Structures are given as C-alpha cells and as structure tokens.
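Trainee: Chains A and B supply the protein sequences, listed in that same order.
Mapping to our numbering: the first sequence position 162 is 162, numbers consecutive.
Mapping to our numbering: the second sequence position 256 is 1256, numbers consecutive.
Hint data in this document are derived by calculation from the structure and do not stem from the laboratory.
Accuracy of the hints is not assured; some may be wrong.
Unchecked claim - FRET-style restraints, in silico, Cβ to Cβ:
id	chain 1	residue 1	chain 2	residue 2	range
1	A	Gly189	B	Arg1085	24 to 30 Å
2	B	Thr1145	A	Ser236	32 to 38 Å
3	A	Gly24	B	Leu1062	22 to 28 Å
4	A	Gly24	B	Phe1042	22 to 28 Å
5	B	Gly1083	A	Gly189	25 to 31 Å
6	B	Val1189	A	Ala66	33 to 39 Å
Predicted, not measured: the structure shown is a model, and the values here were computed from it.
We put the CB at the ideal spot given by N, CA and C, even for glycine.
If you want the building blocks of each chain, they are given just below.
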Amino acid sequence: MRLRTIAAAGLALASAACASDLVGPPPSTDRASLFDAVWQEFDLHYSFFQLKGIDWNAVGAKHRPAALAATSDQAFAAELASMFAELKDPHVTLTANGRTMRYIAPYDTMPTRYNEHATMMKYVASAATTSGGQGHVRYGMAAPNVGYIRIASFLGGGWGNEIDEALGSLGNAKSIVIDIRGNGGGERGVANDVAGRFMDRSRTFGYLRYRNGKNHSDFTNYVTETVDPQGSHHFSGPVFVLTNRGDYSSAEDFVLAMRVRPQTTIVGDTTGGASGGPIVRELPNGWTYELSQWIEYTPNKTTFEGVGLAPDVVIKPTAATFAAGKDEVLEQAIALAIR
Amino acid sequence: MLFRKTSPMVACLCVLALHASAAQTRPPAPPFTQSLAITGGFTINDHLDASSSPIPFSGTGLDSRFRYQRSFGRWNAIVEGEGARRTYSSRADAGTSVHERAYDGSFTTSLLRGFSSSSAFSAGLALDVRGGVLTHHYADPGATTTSYVNGYATLGPAVRWQHSALGGNTFLGLSVPLVGIAHHPYTDVRIDQASPSFNAVTLANLRGYNFTAGFETSARRRLGLIGEFHANALDYADIQRARTVTTGFNLGVVLRFGRTPR
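Work out the full structure: start from the sequences and follow the hints.
Mentor: This is how it looks when you write it as structure tokens:
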C-alpha cells in the first residue's frame, strides 16, 4: 500500500512539473517566424480584404523577401509597416520598440484650413471648459441663441457626462453647433454617450459585421448599432455638426448617430472614412499591432471605409478666407441656425 | 504532443489502480452514503490561447472546490464544482510586459456504477461544464485590456477507484471528454456579444482529461480532513488553438452523513 501511495504521489508531482511542456514552447522570434505570424494573423482577422480588393497572398509574397533580408529590427519593422500600408487603413498600426507606425492617409497631409484656437478666439470669445475631467469639452455662445460645443477628441473613457455641464450652461440656446473637426476618434462609448444627450428616443444609426472565420468573406450577421437618450441634460432643438476630413473612427460614429436625429444638419467636408474597429495583437518579441476586425455600415447598409460620410451642406474653406481669419464652416452653420 | 506526454501518466495510473484493486480484499460496506468535501488550494497553470495571443502563458492561482457524493448500492453519483482565480505571465523568450488574469470554473456531474459489489472500481459517465473569462493585458501604447470568454460542455467516460487505507479513503478519479460543444472566441468579447458561436466537438478536435487523486481521513467519522491532487488538460484544435494544463493541491474538510456506522 505504501508503495502504491508513493507511486501515485510521484506521478502527480511529475505531471505538475511537466505542465509547461504540455502547452508547448514559446514561438520562435526569428524574422521569418515573426513575419509569417503577423501575416497569418491579418489573414485570419482583417476585415477589409474583400471590400478593398486586396490580394493578401500577393502582398505577403511581395514583402516577405525584403522583411527577411532586413539587417536590423528597425528595418524589419519598417518593412512590416510598409506591408501594412498597402491596406490603406488608418486603424492598422505597428508598435515596435516603443515606436508606433501607422498609415498616413492622403487627407492626413491635406490642409484642413481649420484652426481651433483662432476659431475659439474669434467666434466664441467667452468659451469655457468642462471641469469634470481634463477639458474634453469647450463651449460657449457663438451667436445670440446659438450655442457652440467643441469636442476635439473622443479619447479616454467615461467622460461623456461632461457634456451635461456644457448643455446646462447653454440653457438659453435655441440651436447648438457641435464642432468635431479634426477629431481623430477614440472611445466609441464616449461618442455614443455624447450623442445620447441629443436623442429623444432610441435610434438605429448603423450596423457592424465582425470577421469571424478564416475565409476573408467570413463575417457575423449585421449587428445593430443604436444610440439611446442619456444623461441629465438633453437638447431637442436644431443641431449643426461640423465635420472635415480629419474626422475618423469614433468621430464618424458620432456623425452616424447624429445623422439619424431629426433637426440635425452636418456642415463642412466629408469625414476621413476609417470605420474598422481595431483589435490589438502581439508578437512573441513584444511588438504589438492593431488591425480592423469589423466593417461598419450606415443605416441603409452601405460602407464608408475609405470614402467617408458626406455632409448635408458642403463647405470647403478656401485658402484666402482661411488666411483672412474666417471660419467659413462655422459661419455657415451659424447662418443656418439663425435663419 | 499534449497527449503523447500525458498518456503514459494516465496509463500508469490505471495500471496502478488495477493492481491495487486486484490486491485488495473485499472492502467493508461504506459507513455513510453521502459526503460533502469542501477544499481550497493553489494551482499551477499553463495555457496557450491563440485567440488572445500566440504566446504561451504560465502562472498560479487559488481555487476552491466542493464535491458531493452519494451512493445508492452499487451506484455512485458525484457532483463537483470548482471556482478559481488565476494570474499568468508571458513565457515569451523575448520577455514582454503582457500578463493575464482569469476567472474560471467548472461543474461536473458523474454517475458511476461499481464493477461488482466487492470492486473498488466504478465506471460511468461524466458531464463536465467549464468556462471562464480571460482578461489579457497587452503591452501596446494604449495598455489595451481585452477580455475573452470561453466555455466547454462535454460528456465522456469516467472511472473511479476507492480504497480504504490508514483509517481513511484513498481515491483516484479520471474522466475524459468524448463529445460536446465548445464556445471559443474568434477574437474578443465584443464578438461574443455580437454573435456567440458554439461548435460541436469530438475527440477529433477536443481532447483532455480530468484527474483527481486524494485521501480522506477518519472514514468512519462524520468529519474528516481531505487532501487531493488534481490535474486537468484540454486541447481544442480550433482555427486558433487553445491548450491549457492545470495542476493543483487542495486541502479541506469532508462531512459525511446518511447511513450511520454500525
């Protein structure tokens, strides 16, 4: 009996000791293995291959020799970033050794002819900043009865309620201009929280389909995106949302949500068209990267990736008027508001 | 590889148990028909879940368990549960700051029948339901934290050997999944909220075992102490493979009731 007990205990300890071997060794970190790993992860998860007509096999075959021939980590990372750039997706990034590389869209380098500071100084001289957080929202009166709210970014979570303070202070406004020009996105939840302050009821503003299989055409069914009334302060009057090509991702979600609201007019230029919903992945050498995992659709189930959301009233500021200190987009919105 | 390495261990345990069974004399009638064991202990864990990362992780955890056992003549019904909190760190050669935290649990119901009235062996079926939430902390600039939900419900054969020794009971239990359903996330929890998917599994794509070895003191008293070793492994050959191995030691008490000793 004692022998059996000792044998059982020995077997138990042996199985405990070799647990890590059972799972297998860490994957290799040589450049070929890293390249193949990242290529395969994109092959499994990236959502826009079909929509953008990308032959991922060909892209991999094109970049693999150069990546394997790289003589330094920096050169290898640059080659990976070059491969990612072929996707033309602002949501695709690579962070290697603390440095993040991302695709630079043509619109990123175009002049927006928008200067936040100059606009605030000229048109909203007595602007205030919400005190609840880190100044995510600036607000004031742009004209008699026309409130102005500036949201430069939706980065950071949980500050959507700061909009209540702004709405409380703009209580006399009969219409409100929401300026999100140059807003590169951030947290979808915050964008939805802000939009909820302007909703009278729950509304469907779009759909998502998630990549969910190894084939490039494998997606979930359409998942409804809704925006619900939220917060302690609501505004039910006319709203004018100012947009331009610098609006991406969650900022575009905000535009989508506001577009389905009655008495809402989008003024300015078309948004950037980055709708992918990124996920973070990692490589065995510690590098991380992001890639789009879903396709977002408008309420009529059309995509806007790489296209953007067109405004109701198109205003493209000219160099001359911008140089003269005029904000044509805001002026047009104010004119529409007081009409 | 998982089963090439573990099958010798399982085979040895079976041989050991068979040897013990053959050598023993007719066991005395069990003095109690029911028992409830409650234990707590620590676990050593290793896992690889390609849904979250290509990197294998290892770590430790704390778990608590219960086991309710009731005998009906030659039949034996066992209900077991486990809840655990585990932390993992990366096993990548390069070393990264990524780490994971998991909350998981299992619930197993087994119905076993003794080979004969004098046998220490019983065999039957086990329904095993297990799942958990894995929170993966990436080392990206945004310090992204993403959760992954997984779950498995499987049915398969189970065997148990029990032997009276040193005034207590020694026991070994082993079950393996044969068929069932699995929920293994394609990416993160958002996709589960959008469209959860469940796949049928068989030995072709899911293999594993649950093994327990333990000893209960004072078999003829209502209250005893219990110490047990447990090990389980699971290898799910999904598009993105999931492998996990957990071993652990638990200590606790066992309460016995039902028929009193004569």
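Trainee: Hint by hint, work out which the structure violates, then give me just those numbers in ascending order.
Mentor: Violated hints: none at all, because every hint is consistent with the structure.
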